[in-house]
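Student: Chains F and W, in that order, are what the protein sequence lines are.
If you count the first sequence from 1, position 15 lands on 15 in our numbering, and the numbers rise without skipping.
If you count the second sequence from 1, position 35 lands on 35 in our numbering, and the numbers rise without skipping.
Because the hints were derived from the structure by calculation, they are not lab data.
One thing to keep in mind: the hints can contain errors.
What the hints assert, rightly or not - To list a few chain F residues with every Cβ distance to chain W over 12 Å, as calculated: (1) T102; (2) S104; (3) V144; (4) E151; (5) M157.
To be verified - Output of the computed footprint for chain F on chain W, the stretches with three or more beta carbons under 8 Å from beta carbons of chain F: (6) 32-40; (7) 152-162; (8) 210-220.
As the list claims (entries may be wrong) - Straight line, CA to CA, 16 Å or less: simulated EDC-like cross-link-like pairs of lysine to aspartate or glutamate: (9) K218(W) x D63(W); (10) K101(F) x D168(F); (11) K164(W) x D154(F); (12) K101(F) x D154(F); (13) K159(W) x E193(W); (14) K164(F) x D154(W).
The structure displayed is predicted, hence computed values, not measured ones.
Here a beta-carbon is modelled for each residue, glycine too, at the ideal position from N, C-alpha and C.
2 protein chains.
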Amino acid sequence: MTGIYDSGLGGLTAYKELRRLCPDENIIYLGDTARLPYGTKSAATIKRYAAECGKYLCERGIDRLLVACGTVSANALDELCESLPVPVTGVILPASERAAKTTSNGRVAVLATGATVRSGAFERALASIDGRLEIMSRACPLFVPLVENGEGPDSQMVKIAVEKYLSDVRDFDPDTVILGCTHYPIISRAISEFLPGAKIISSGEEAAKEISRFCVKKENGRTIFEVTDDPEGFSRNAAVFLGGEIENYSLVGIGEQRL
Amino acid sequence: MTGIYDSGLGGLTAYKELRRLCPDENIIYLGDTARLPYGTKSAATIKRYAAECGKYLCERGIDRLLVACGTVSANALDELCESLPVPVTGVILPASERAAKTTSNGRVAVLATGATVRSGAFERALASIDGRLEIMSRACPLFVPLVENGEGPDSQMVKIAVEKYLSDVRDFDPDTVILGCTHYPIISRAISEFLPGAKIISSGEEAAKEISRFCVKKENGRTIFEVTDDPEGFSRNAAVFLGGEIENYSLVGIGEQRL
């Protein structure tokens, strides 16, 4: 069984790809919706949330963990790898490898949350793969609330936010753009239209491809969705990501203080 | 000493008014920034966060608690009143009383978070004060992320969000509008321009006026700001609310799980 962990809905972009590649795999998806968004929070807080959620998923019996959240991958992956008894895959390295293979002009843009950009994780990964790459990173803090509130690529607010965050990215003229937050593929078309000609890389999809190589055991293709708040709202919004209703969703308590 | 509690920055609109009315009062301000926003979360989760934060402030020695968060006031005030050993004031009743006194045409609009609107708390309070009032409530879920990301009343995104959320409020033609979330006064001018002629009521200010009547002990006017994440970011953004830098801010841990 594979565990997929995100702050909320964004990891569904990875789930969708993993389910497509591995129809037989059992998957448990955990969205920490009681504490989202993660991307505006400090590294210390993100590490604490990740430790609690990773431990919980291991107790649920996963064989491997896909951290389908750019912010957690950028800020807490080493700690998860050290502390958990299962292999852990994040989104940073798979997306960076794909970007290095994709670019022709050597200019790669990374769009992500504030916490991911501050961590410098994508820059380090890209530089370790190819030291000649030029990289521009840009924090886009309103993209997650816009997506979580149902705004899509045709939303006027999304278009203004894209222009606000990406004007100097357009001047940088990248031919490859990493969506370093797994929420961003939902508004990918608005980003593409603003950066015509650039190839868009979904970090969640790349990570799903990476982890799918290890999902070799024949299972029965079951999916469980668990969230730490408002399972009905999660289910409703999940339809936007997955193109259809989800079943088997429930509420779990993680990080609750003993008063 | 008075405790002021909010999910983040919004309660500063109440703090500012209380400080103006009571320059000698000692005040401890708690922003639960590690878990904001509250307004998109379920009542059960909000109650849990409020219980933890209220208990913490009582341990710090407050004499009374101002819940300067519309979402907590609407969803957890009864529980706080029952469980805490100090008097608790929320924003719902003071703002509703002011609205009932202010309106001439009897039509009052309430703008608030999703969780506050779902609770029905403003409708119940307004109806208990004057059963003849007509009330329209509207959830404005993007206002808090916009304000927390530094967008002000002149922001194009704010103007679009105002139009999106308030078009049918304008058709309802209220002469009095309650800003039921303490973040909203920051974009009050954009709301006013869209609803010309309507009187705008800041729920944080009204609650501060209410609690100021009990701040009679001569103290030395000290303020302590505590947040559960990113004190530097809080301090930076607080300047927008207060018109100047803050001092005496620090990080505290609340709701941390014992792993």
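Student: Compare the structure with each hint and give your call.
Tutor: Checked hints:
Distance to chain W confirms T102(F) as a non-interface residue, since its nearest Cβ pair spans about 31 Å, more than 12 Å. Consistency note on S104(F): stated as away from chain W, and its beta-carbon is indeed over 12 Å from all of that chain's, at 34 Å minimum. With a cut of 12 Å on Cβ distances, V144(F) falls inside the contact zone with chain W, its closest approach being about 8 Å. Listed as a non-interface residue, E151(F) fails to keep its Cβ farther than 12 Å from every Cβ of chain W; the least gap is roughly 8 Å.
With a least CB separation of 5 Å from chain W, M157(F) falls inside the 12 Å interface cut-off, contrary to its annotation. Counting residues of the region 32-40 of chain W whose CB lies closer than 8 Å to any CB of chain F gives 4, which reaches the minimum of 3, so the coverage claim holds. Here's how the region 152-162 of chain W fares: 4 of its residues keep a CB closer than 8 Å to some CB of chain F, so the rule of at least three is met and the hint holds. Note: the region 210-220 of chain W has 0 residues with beta-carbon separation from chain F under 8 Å; the three-residue rule is not met and the coverage is violated.
Among the hinted pairs, K218(W) with D63(W) is consistent with the structure: their alpha-carbon atoms are about 13 Å apart, no more than 16 Å. In summary, the hint linking K101(F) to D168(F) is not supported, as the alpha carbons are separated by about 24 Å, beyond the 16 Å threshold. At roughly 14 Å between alpha-carbon atoms, K164(W) and D154(F) fall within 16 Å of each other, so this suggested pair holds. Of the supplied pair hints, the one linking K101(F) and D154(F) is violated, its CA atoms being roughly 30 Å apart against a limit of 16 Å.
Note on K159(W) and E193(W): the hinted pairing holds, with a Cα-Cα distance of about 10 Å set against a maximum of 16 Å. A hinted pair counts as satisfied when its Cα atoms are at most 16 Å apart, and K164(F) with D154(W) qualifies at roughly 14 Å.
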